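Asker: All chains should be modelled from the sequences, with the hints used to inform the complete structure.
Just so you know, the protein sequences line up as chains A and B, in that order. Quick note: the first sequence, position 133, residue 133 per the numbering used here, numbers continuous. Convert by adding 689 to the 1-based position in the second sequence; the result is the number in the numbering used here.
The set of hints was computed from the structure by calculation and includes no laboratory data. Certain hints may be false.
[Stated by the list, open to error] In the BS3-like style, the derived pairs of lysine-lysine whose C-alpha atoms are separated by at most 25 Å in a straight line are:
(1) Lys710(B) to Lys496(A)
(2) Lys110(A) to Lys135(A)
(3) Lys48(A) to Lys158(A)
(4) Lys135(A) to Lys109(A)
(5) Lys226(A) to Lys239(A)
(6) Lys253(A) to Lys701(B)
(7) Lys48(A) to Lys123(A)
(8) Lys253(A) to Lys697(B)
(9) Lys710(B) to Lys763(B)
(10) Lys710(B) to Lys239(A)
Since the structure is predicted, the reported quantities are computational estimates derived from the model, not experimental observations.
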Amino acid sequence: MKQITVAIAGQPNVGKSTLFNLLTGSRVLVANWPGVTVEKHEGFTEYKGYRIRFVDLPGVYGLSALTLEERISRSYILSGEADVLVALVDSTIPERTLYLPVQILEMFKKVVIVFTKYDLAHKLGLHVNLQHLEKRLGVPVVAVSARSGLGVSFLLDKIIEVAEHGGRGDYLRVDYGELEPFINSIESKLSGCGALAGYPLRWLSVRLLEGDAELARVVSEKCGSKIYEEVEEIRGEAKRVVGSDLAAVASSKRFAFITSITSESIVRLRLQQPTRSGSIFYHPLVGPALSILIVLSIFILAFIINTGFPLNVILSALGYRELAEEVEALSLSNLMSTSLGWLQELARSHIANPVLASFISDGVIGGVASILIFLPLIFMVMLILSIVEDTGLLPRMAVGVSTLTSRIGLSGNALFPITISMGCNVPGVFGARASLSSGERLRQILTLPLIPCQARLIVLLALATALKTLGGWLLVFLGYLTAFASFAVLNYIFYKLSREKEPVPEMLLEIPALHRPLGRVVWWMTWNNVKHFIAKAGTIIFASSIIIWALVSLTPGLTYTEDASASIAASLSRFLAPAVYPFQITGGKAWIIVFGLLMGLIAKEVFISSVITVSGSPSFTDAISSIGLSDPQIVAVGVFITLYMPCLATISAIYSETRSLKLTLLSIVLSITVAYAASTAIYYLILVL
Amino acid sequence: MLTLDLAKPGSKVRIVNIDGKGWVQRLYQMGLLPGSIAEVVANYGVGPIVLRVMGSEVALGRGIARRIVVEEVKEG
Ligand SMILES: Nc1nc2c(ncn2[C@@H]2O[C@H](COP(=O)(O)OP(=O)(O)OP(=O)(O)O)[C@@H](O)[C@H]2O)c(=O)[nH]1
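Answerer: Here you go:
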């Protein structure tokens, strides 16, 4: 079967992901672009005897190598790997979004232009003369709609046609007006350099004139510094003669070219602009308030469905005890753990060999359980995130809170992952995808695990009950305060450190129109992210659960034991007991706390049950007092647990999002450092007071 | 002539000059360049300024807006 490689390029929001999914279905491979952490999506389809491979290029506004994404797209187009390029135009804003396709036509010949969201064009009274555009641009122009499926097979026909019979004979020529003489003299200099054979020379000349540093480097490497100096001379001359920013002149000529063709081929029947709603979010007070309200209600709704909290607490406070228990019993996580507990019991009672029974029920089923426990929550969070994103609400909320978050170097988009992390850090780390730059996304991924999740709230509440004189609220308050303070401080430090490298430290964000979400888009986004979690994080969580089972069930002599205090993990904890010396927790039972901390890595709430088990006490309060902890020590342990290390699931989320062992380790080291600093400081502070 | 951060909401402005490196190219790509006309959708004196240019809305930080010189365009 003949294979055709097709790259899809378009500006952000033009509908690229939607079209890509429509063309490829669910057969998508996710990898990284060589050497960088930008995702690369590839999908396949078979059509009329061809196997068509689609490569989704990152969404970019142009090809100036301004950002990592632009560099990736540009070098991919120049590499010649793609047989055909599909360049997208948003039918609702054709003039603006034609900018990228025009740039592509200047450097690539086999192109198909696609007008996306064509169903909306009709609603806006916009009529596009596709034949005329084809004539002016010299390549096929196809209109598609993901809502109705219109135009998809016609697009595939055109792709095959262009792949087989070629596109334009030459590159598109935009009239650059007063820049022309300079472009021509650069081009004639470059044509003397054999090493550039195959490069679109005119495009290269325009880019050099605009001051493209990366291409300047390429030219001086390939052709020697002499040609490069001559080019620089022409550029200097052009600056003197033209008298303004050459890149601005070149861009305005491209837009002038676009207007010259669209004025002939696009007719607006209704002159009035589409009404834009959602401006209320731009108000400096209403914006943040409304945004935080929306996010908070989403968050609360998700947690009620998942754990019953906080509805159960509210109901029982109001005196509806039974109703509260009902809500809790029907929560997803409870249903899940009941059925898994039942499965574990089944395994234990039907397998005669005690080692195997424990391995199957605690190791295997327990491991699967710790993945499954997160699934409903992740699914729900991703679903909501997709809806908020697909309606265009997210960028508006981002504008609303940006004044607050910009102080610590985060865009307004950080609002969402921060809130989600208060429930569970795992989807929070995934939610960092909504950030504006890859630098910011990385800062979020590294710092989000400091935000206390529900599991840590549970541990804080349990520790609070063990306090003798100090108020429990103080512990919970201090836990949250130090966590948010460390989050803010670390972000601020990272931001300051990375400032030079960020091209756009300030907000510069396109805000798409508010619209009804497409069910298909929402479903794809949700399912893709959930699949991602199962495949990547799932395997890591599962493998580590098996290892932990072995550590808790085997003695140092490698015989099976049911007494956890005789296990490898217990010996390890005794060895690591100095870990809690900074809080002056010494004594013969100090290791129990360390054991709890180790087990807490599986999920932080496991701290409670494991401390109870190995201390042989009937309750958590008894366990703590048998270890002999003072109030300041309890507070210190609480703060420490809140911060000390992301749980296994979060660590695997960090790894699968960064695909970097170094960054994952960094996040671990970072949180341990912060945890020690904060909890010892608080310990001594309370002692002094 | 005034800088964009001082432009009144609801007004239409023509961009005269943009002073900056790197990120100005992003503005160019979005259709914000000397000569183009934009409508000020929101400007509350704090927080980002929202412009409508070539049919789409763009939010700009105030620091960026301060480096964009514009002149008001009277509706005719
Ligand atoms: N009515 C309509 N809406 C569409 C169509 N295709 C995409 N959209 C909407 O346009 C918006 C942008 O679509 P995406 O596919 O996410 O756009 P993208 O270019 O991948 O944008 P990024 O994800 O930001 O890179 C989404 O909200 C879609 O619901 C269409 O054919 N008709």
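Asker: Indicate, hint by hint, whether the structure satisfies it.
Answerer: Hints, one by one, checked against the model:
1. Lys710(B) to Lys496(A): holds, 20 Å
2. Lys110(A) to Lys135(A): The given pair, whose Cα atoms are some 15 Å apart, holds under the 25 Å limit.
3. Lys48(A) to Lys158(A): holds, 12 Å
4. Lys135(A) to Lys109(A): Between lysine 135(A) and lysine 109(A) the Cα gap is close to 15 Å, so the pair holds against 25 Å.
5. Lys226(A) to Lys239(A): Cα-Cα ~20 Å, so holds.
6. Lys253(A) to Lys701(B): Between lysine 253(A) and lysine 701(B) the Cα gap is close to 22 Å, so the pair holds against 25 Å.
7. Lys48(A) to Lys123(A): This hinted pair is violated, its Cα atoms lying about 33 Å apart.
8. Lys253(A) to Lys697(B): Violated, because 29 Å separates the two Cα atoms, which is more than 25 Å.
9. Lys710(B) to Lys763(B): violated, 30 Å
10. Lys710(B) to Lys239(A): holds, 16 Å
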